[in-house]
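Undergrad: Whole structure, please, built from the sequences with the hints as guidance.
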Amino acid sequence: MATEVLPDPKWDESSGICLACGYSLAGLMPPVPCPECGHIHTGRQFIVGGVPTARSIMAPWRLAAIVIIAIASMFGPQLLLLIGFRFGSFLVPLIVLALGIAFVVYLVKSAPRSQGGKGLLVFAAGQVTLMPLAGSTGPSSVQGASVRFAGDEAVVLKRLSNVWARVRLVRADGSVTFQAGVRSPIESESELVDAITATIAQARPPATSPPNPAYTGPMTGTNPTMTRTSTTTTTEPRA
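First residue of the sequence shown: 0, per numbering that gives the first Met the number 0; consecutive thereafter.
Among the hints, a few may not be true.
[Said to hold, decoys possible] The calculated lysine to aspartate or glutamate pairs, modelled on EDC-like cross-linking and capped at a C-alpha distance of 20 Å, are:
#1 157 / 188
#2 157 / 186
#3 9 / 193
#4 9 / 172
#5 9 / 35
Just so you know, these hints were derived from the structure itself, not from any lab. In this text, all values refer to a predicted model and were calculated from it rather than measured experimentally.
TA: Below is the structure:
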């Protein structure tokens, strides 16, 4: 099998599918919402070849399952032996063990790490969507997964080589929204950072105009207090 070469970062306007659900958008002029899921198709997107970390694209339930399996692997054998001796039969422990092995096999088969995790990272409309490489066969780790940005992420890029870099999108509280190794030659580094930053900005809620404040005086920031002074004019009688 030939090695698949990841493309260099580039802007693209030819996508004819919804990045959120894969629905065909042929014949629709962007910007337009997807008829199937309502996701806004902007028509212009930034495509980067890369390898996202498993944590960036893995569902929370899968992470929880991995933690539970790791804990069970430490105490499971002793517990199964205890159950077997307690009930005088090892049938139940063997059934539990078989179910556990089947679940682990399911996690491995369905884990988002096939094809080495390589794919296309499509930045558009305030999120990154992970798509398989053109011409790839079989299930892909990056097919259909999307990560929505919060809008306050900062792009942290670390150069690994002349053509590879690590990109981390770090929120203000220090948490990492997305992380991936990307193919990015040195000359395209600034374009990559600017494009991702622009995509993050699209995730921010639109600014709302504050209500018009009450009229203030020309020299003070508070409403002026107008005092009406009554003036009495006294006319002296002429001599």
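Undergrad: Failing hints, ascending?
TA: Failing hints, ascending: 4 and 5.
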